[in-house]
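With the hints as your guide, set chain B onto chain A.
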Amino acid sequence: MRLSFAFAAATALIASFGANAAENQFDQLERGRYMAVLGDCAGCHTLPGGAPFAGGVALQTPFGKLVAPNITPDPETGIGNWSAEDFRRMMKTGIGHNGIRLYPAMPYPAYSRMSDGDIGDLWVYLNALQPVKNAVVANQLPFPFNIRLSLIGWNWLNFTPADFTPNPQKSAEWNRGAYIVEGPGHCGVCHSPKTWSGADKTNVALAGEVLQGWMAPKITSAPRDGLGQWSLDDITGYLKTGTNRFDIASGPMAEVVSNSTSKMTDADLRAVAVYLKDLPGETQTRSAIAADSAAMRTGAAIYADNCSACHGGNGEGTPKLFPRLAGNALTQQADATSLIRVVLAGSQAGATHAAPTAPAMPSLAWRLNDAQVADVLTYVRNTWGNAATAVPAEDVAKLRRQLQSGN
Amino acid sequence: MARKLPPKDVVIVGLGWTGAILAHELTEAGLDVVAIERGPWRDTATDFNIGYAPDELRYSVRRDLFLQPAQETLTMRNTSSQTALPMRDFGSFLPGTGVGGAGTHWNGHTWRFFPSDFNLKSHLTERYGAARIANLTIEDWGLSYDELESSYDRFEYLAGISGKAGNIQGKLQDGGNPFEGVRQREYPLPAMQMSYAPTLFAEGARSIGFHPFPTPSANLSKAYVNPLGIAMGQCTACGFCERFGCANYSKASAHTTILPVLMRKPNFEARCSSEVLHVNLDATRKMAKSVTYVDASGEEWEQPADLVLLCAYGLHNARLMMLSGIGKVYDPSTGEGTVGRNYCYQTNAGVQLFFDDKNFNPFIASGALGQTVDDFNGDAFDHGSVDFVGGAGINCIPTNGRPIGYRPVPPGTPRWGSAWKKATAENYLSVLGFSSQGSSYATRGNYLDLDPTYTDRFGRPLMRMTFDFPDNDIRMSHWVSDRMEEIGKALKPRQMVSSRRQKSWNSVPYQSTHNTGGAIMGTDPKKSAVNRYLQSWDVPNVFVIGASAFPQNAGKNPTGTVGALAFWAADAIRDKYLRNPGALVSA
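Line order of the protein sequences matches chains A and B.
Using the numbering used here, read the first sequence as starting at 1 and increasing by one per residue.
Using the numbering used here, read the second sequence as starting at 1001 and increasing by one per residue.
So here's chain A without its partners, still in its complex pose:
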């Protein structure tokens, strides 16, 4: 029954998007499934262990809590009553079925770059899913943000629907990468600095941003704190397996790798890498904090006792197991939130088929105080060729309070 429904939907789409009438339905479903991978729809719309795309993952935004809705074709609680055009308009403009405005936690500013064909494929795929009855209250924001009317203003300020425009000066591969990064991949949602209203700052795209208590690092080609030291293979290896010679994905990026990038084609990963490596990154030099300062000396002692067993005496780490700290871009981000977080709360790396180990950093919050965490991180950020700002103990205290209160 589901299949015939999907077939009907597919037929309807062929009319609305003008696809090739001889198109094989299976091919379109497969393309749609792949679009769901590129868009990491499962990342928000599938609860871990829950029914696929039945919704329920809560997103903590600076404005309050939003819960990703059920996008299975259930008529009552999902998108079963939507038309293909409803779906296309929502992806392009953020205005959903019956004219309801979506919060930009749904990354329609990125999805608006997607082609109608890709959106149509995705629609066919979503309609072929098992419908699941699961009512989700998406909007759990406090007043006044719970008033969707405010989104008109937000969109006016921050959002201009625009198709993706290829750059004819660049290769097809570069353009494919740009399309994925700016469009379905919506990388900027996490990695781009935000304005006061939560929109991407377009002039510093992908320069890193803190959200949900993690620092999504800079992924331009900046040499010290971006991907400057990473080769194309380093980038594709990281996205494919969650790990490379520098790092292991953890936190939200581990989920992205697990749900999305590890399932992308090698060609698309390479395209993404080519595009990211071509994004300009500033080349300003920074000198490390002097090794004989009090914080650095204390940090060195703490590092030897608490960190060196795994990360190595020289921050060299172990491939696929313990992240390398020396020369690691993540350790030298302008904002040390992720570093503070993993020291306080610990973190488990994601697992992929290619890198199944899923090693963990234990929580050290109970044995290191704020000043000690700050000092050891200042040491890590300024040793073995690393150079970055000192970590203030107040930043550690603040994040500790946040983690303890569950926000």
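Just so you know, the hints here were simulated from the structure itself, not pulled from any lab data.
Quick caveat, the model's predicted, so the values are computed rather than measured.
One or more hints might be untrue.
[Stated by the list, open to error] Here are a few chain B residues that face chain A, going by a calculated C-beta distance under 10 Å:
#: 1; residue: THR1046
#: 2; residue: PHE1048
#: 3; residue: GLY1051
#: 4; residue: ALA1053
#: 5; residue: ALA1223
#: 6; residue: LEU1228
#: 7; residue: GLY1233
#: 8; residue: GLN1234
#: 9; residue: THR1236
#: 10; residue: CYS1238
#: 11; residue: THR1455
[Claimed, not checked] If the Cβ cut is set under 8 Å, some of the chain B residues that face chain A in the computed set are:
#: 12; residue: ALA1045
#: 13; residue: ASN1049
#: 14; residue: ILE1050
#: 15; residue: VAL1225
#: 16; residue: GLY1229
#: 17; residue: ILE1230
#: 18; residue: ALA1231
#: 19; residue: ASN1248
#: 20; residue: TYR1249
#: 21; residue: PRO1260
#: 22; residue: VAL1261
#: 23; residue: ARG1264
Here a beta-carbon is modelled for each residue, glycine too, at the ideal position from N, C-alpha and C.
Relative to chain A, chain B alone:
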């Protein structure tokens, strides 16, 4: 009344080394597998936190990872003329519990037994005559070293064993064990970097003509990615292996080598804190149809399956067979029966050397970081002029310098107070210890059966252990102690203290967790519980995998051989049993 669950292809009892290996191999073959583990789920990320893993009081003194006697214990006695009493505290040996089993808290010595260990009865009979072993009930395994070689290799590569081969394809290798059987290739990792104590021990042993070599170790000398793609780290020689889980991903166990891959498989499921009470047989008593287990809430469940694999600790495998009526329980008065037969242990002794001018830094240590002399192990030497068979490895493997447990002081020192503290301070850094790990050969009177009096919390009879060191083994151990004292003298210590093995076996002081036998493999269904494929002679859809299968114990740690047997049994199930279910060897 047990609630019946949907059937599975395979049910595995116990998720330690053997359970995890079998589960991985059989899920790869496409079977739907459930493992039922009576202890808790444990993994490195959540349970072996580097911040508190080296908590000696919690893990070593209070034995946090071990089986507690209230959950299961056994009764013990030295001879069948005595009345056995329950062990209310595990002392002499410490069975594990929980995911990873005893393979969580092991030291990591990973041996292959000698080729002559596998056909021991025929080999010794041929070399010394049947009269030499008349008082022993030793047997051949029904499986040769050469047949098991590739399985040893697979276990070593799975676990990232660090060592130096002594014999590759018949060519002796400098620096390895010249007495070992032929291996096809080198260990996956080089031997660990030696600390000072084993280095000095090796110099002493070599100076009197012995052949020391680095102990093969599951503590990794280098970072490693195993054949399943799982990454492991280099051992940091922190000295917290035995009795501890490894927080550095650098000691091989099911957690660090198999479970990350196994747990991702849709055709595998682990049910923890669930204790199997017995295996249920059909009306013919020739087929197992299910197992009954109790979960953490006390609920009873029946799990039907086509294949039942007993992968618990060896002693518990034997007891589950007895409780389930799989095979006949051994009776020493008639010599009949197979389950419980040939229980063996390990025959150990030690030497301590006290020096004035040495600093061994004993805290730089790891469970298997050391040197071994195998010149007097098994039948590596001619027993023509001695009055025993068997032998012992001599091991200088200073596993730790932990602050509570490691307090070497000379005999005569008070057990407490300022004199004890002073002696501790004087000797902590400057004592070198080494020990013999001796073979344990089966006798008619050493065995396991069910206790007639004592029961567990479910009302099941406890297992009863009847064991004392056989005279043969005591003579062997004394002779090897003589050799150890020769090494000790060569090192010219201020004082040498030799602790020789004496009768009778005492269950209180820790000696070894190498309990073997009780469900031994062999060629004769009257004398063995399982055939050469670890398959029950009596109930062919039950396989019993572990040290329970050893007909007698060698002078070596059992885990390497246990791991190899797991691969061997998995191959037999996949390549032989699944194609033609039934007895793989006709009785």
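Consistency of the hints with the structure:
The beta carbon of THR1046 (chain B) comes within 7 Å of a beta carbon in chain A, closer than 10 Å, and the hint placing it at the interface holds. Checking PHE1048 (chain B) against chain A: minimum C-beta separation of about 9 Å stays under 10 Å; hint holds. This hint holds: GLY1051 (chain B) has a C-beta 5 Å from the nearest C-beta of chain A, less than the 10 Å allowed. With a least beta-carbon distance of about 9 Å to chain A, the hint placing ALA1053 (chain B) at the interface is held under the 10 Å criterion.
Of the supplied interface hints, the one on ALA1223 (chain B) holds, with its beta-carbon coming within about 4 Å of a beta-carbon of chain A, less than 10 Å. For the restraint placing LEU1228 (chain B) at the interface with chain A, the shortest Cβ-Cβ distance is roughly 7 Å, inside the 10 Å limit, so the hint holds. Checking GLY1233 (chain B) against chain A: minimum C-beta separation of about 5 Å stays under 10 Å; hint holds. With a least beta-carbon distance of about 7 Å to chain A, the hint placing GLN1234 (chain B) at the interface is held under the 10 Å criterion.
Below 10 Å, beta-carbon pairs count as interface contacts, and THR1236 (chain B) has one with chain A at about 5 Å; its hint therefore holds. A least Cβ separation of about 7 Å between CYS1238 (chain B) and chain A falls short of the 10 Å threshold, and the interface hint therefore holds. Checking THR1455 (chain B) against chain A by beta carbon gives a least distance of about 40 Å; that is not within 10 Å, so the hint is violated. Among the interface hints, the one on ALA1045 (chain B) holds; its C-beta lies about 3 Å from the nearest C-beta in chain A, closer than the 8 Å criterion.
At its closest, the beta carbon of ASN1049 (chain B) sits 4 Å from a beta carbon of chain A; the interface hint therefore holds under the 8 Å criterion. Checking ILE1050 (chain B) against chain A: minimum C-beta separation of about 5 Å stays under 8 Å; hint holds. Interface hint at VAL1225 (chain B): satisfied, since its Cβ lies 6 Å from the closest Cβ of chain A, which is below the 8 Å cut-off. For GLY1229 (chain B), the interface hint holds, the least distance from its beta-carbon to any beta-carbon of chain A being 6 Å, beneath 8 Å.
The restraint placing ILE1230 (chain B) at the interface with chain A holds, with a minimum CB-CB distance near 5 Å, inside the 8 Å limit. At a threshold of 8 Å, the smallest CB-CB gap from ALA1231 (chain B) to chain A is about 4 Å, leaving the interface hint in force. For ASN1248 (chain B), the interface hint holds, the least distance from its beta-carbon to any beta-carbon of chain A being 6 Å, beneath 8 Å. Against a cut-off of 8 Å between C-beta atoms, the interface hint on TYR1249 (chain B) holds, since the closest Cβ of chain A lies about 6 Å away.
Among the interface hints, the one on PRO1260 (chain B) holds; its C-beta lies about 5 Å from the nearest C-beta in chain A, closer than the 8 Å criterion. With a cut of 8 Å, the hint placing VAL1261 (chain B) at the interface with chain A holds, because the nearest CB-to-CB distance is about 5 Å. Restraint check, ARG1264 (chain B) versus chain A: the minimum CB separation of about 6 Å is within 8 Å; hint holds.
Checked against the numbered hints above, the structure breaks only hint 11 and satisfies the rest.
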